[in-house]
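Q: So the chains spell out like this:
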Amino acid sequence: MRPLIGITTSVNSQDYETSDQSVVMIPENYPKAVEKAGGIPLLISDCGDPNELLDVIDGLIISGGRDINPTLYGDLLHEETIDVNDRQDEWEVSLIEGAIERDMPLLCICRGHQLLCAIRGGKLFQHLPTTRGFEEHGETGGKWSNHKVKLEPNSLIYDILGEEVVGNSGHHQGVFDAGDLEIVGTTSDGLIEAVELQGCRFLISVQWHPEMCGHKGIFERLIAVSSE
Amino acid sequence: MSSSRPIIGITCPSRPTKWAKWELDAVVIPTTYHKMVTRCGGIPILIPPGVNSEIIDNVDGLIIAGGPDISPEIYGQENGKFTIETYPEQDISEISLIKSAIKTDTPLLCICRGFQLLCAIHEGVLYQHLPETDGFEEHGGWDGNVTEHEVKIFEGSKLEEIMGNEIIVNSTHHQGVKDPGTLKVTAVSSHDGLIEAVEIENLSFCIGVQWHPERIEHVSLYQAFIDSARGS
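Chains as they are written, first to last, in the working numbering: chain A, 1357 to 1584; chain B, 14 to 245.
For the record, the hints were derived by calculation from the structure and aren't laboratory data. All clues stand as given, with none of them false.
No more than 25 Å apart at the CA atoms, straight line, and that leaves these computed lysine-lysine pairs for BS3-like:
hint: 1; chain 1: B; residue 1: K165; chain 2: B; residue 2: K197
hint: 2; chain 1: A; residue 1: K1572; chain 2: A; residue 2: K1499
hint: 3; chain 1: B; residue 1: K94; chain 2: B; residue 2: K191
hint: 4; chain 1: A; residue 1: K1388; chain 2: B; residue 2: K34
hint: 5; chain 1: A; residue 1: K1388; chain 2: B; residue 2: K112
hint: 6; chain 1: B; residue 1: K116; chain 2: B; residue 2: K197
hint: 7; chain 1: A; residue 1: K1388; chain 2: B; residue 2: K31
hint: 8; chain 1: A; residue 1: K1499; chain 2: B; residue 2: K34
hint: 9; chain 1: B; residue 1: K31; chain 2: A; residue 2: K1499
Here the structure is a predicted model, which is why all the values come from computation and not from measurement.
Looking at chain A on its own, in the form it has when it is part of the complex (with noise of 0.2 Å):
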């Protein structure tokens, strides 16, 4: 039996046989890029009490989504920080908090790596293109940009991807502070993009999104750990 992999969801109004429907969704290539690497994808979504899910799925990944509200790092509501819901960010954080706990391999990406790093004590710019030294982070509202991320010796992105990757961007939120986590992958600007819990069996937390850009070396190992 492969294992299976739980994937948060969000919760979006979109043009779907009329107009006004509310969706759940996700980018197919989240699903996708664990089939790929093995492992049978499940789309998840607020159920209240997560721990009945959570004896179900082998590993999770935290998806990317919409921004996350400032109160999670003791801020207030920047003007580009717009449409949180604070009932995804609780449902996805007690997700995060079960995970740690039990000791499930656990993938957060981009909106994902935002809240574990927020609610381990870190905290985000809410809107690089205007934060100093930020300016040309990468590309937000829509587009997409690349940049390399150099990753931190004796960790375990490093095994997986080696000293160098090309990450993209299309965020306009980041890391700044990562709270009690290791840092172990930034850009040339200095951003935080991937962080690791030591410890773990497996938690990885990058802000580019590895189901874009063919880095399947992570989701095989998250699967591989998910297996075990």
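Using the hints, position chain B against chain A.
A: Same frame as chain A, but now just chain B:
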């Protein structure tokens, strides 16, 4: 599973999707399914195209949801002029899931597209476009429009036990079931006789309906399905 909430798998399409500032292929489904499953005491999980029968032991109940038209080749026809978007990968996954649910007696609720697929793989045949089919031109809304009409439910069916013998349903489909194959018809549309529901007897729960019970507050049907899943 009696003390914990049942896990309910819901199938869904993957299609080009625009939201906020983004445009990507995405797995997407209306939130109404999640809301109804959660409300009736289940835990909804989405099963994307590509995942097949091997998941069946990990779910307590399975919903084959509404979505795009199924490929007409499943019932031995070529694409009609209004059958435009088909998703063979989703067809393959859902056929595998339906078969494994029936084989393992996992509670199964098939809705709209799911209902049509359930019929098609049991030797049934579909009308590919009701608005141009004799006798069904006025069946109801499609292409995003939703209308309502009455449905008569047959005596002695499980559906009648759950919902009574006459109900109002919503209608937002352009294809319909012409021939239910080996399945037992349990409800028809009052105004034109279109097949609206089927079931397989001797299983814990296996019902297919043409309408969208999650969008018209048919809590009783979802509740009966989730209760059955809780017992499995």
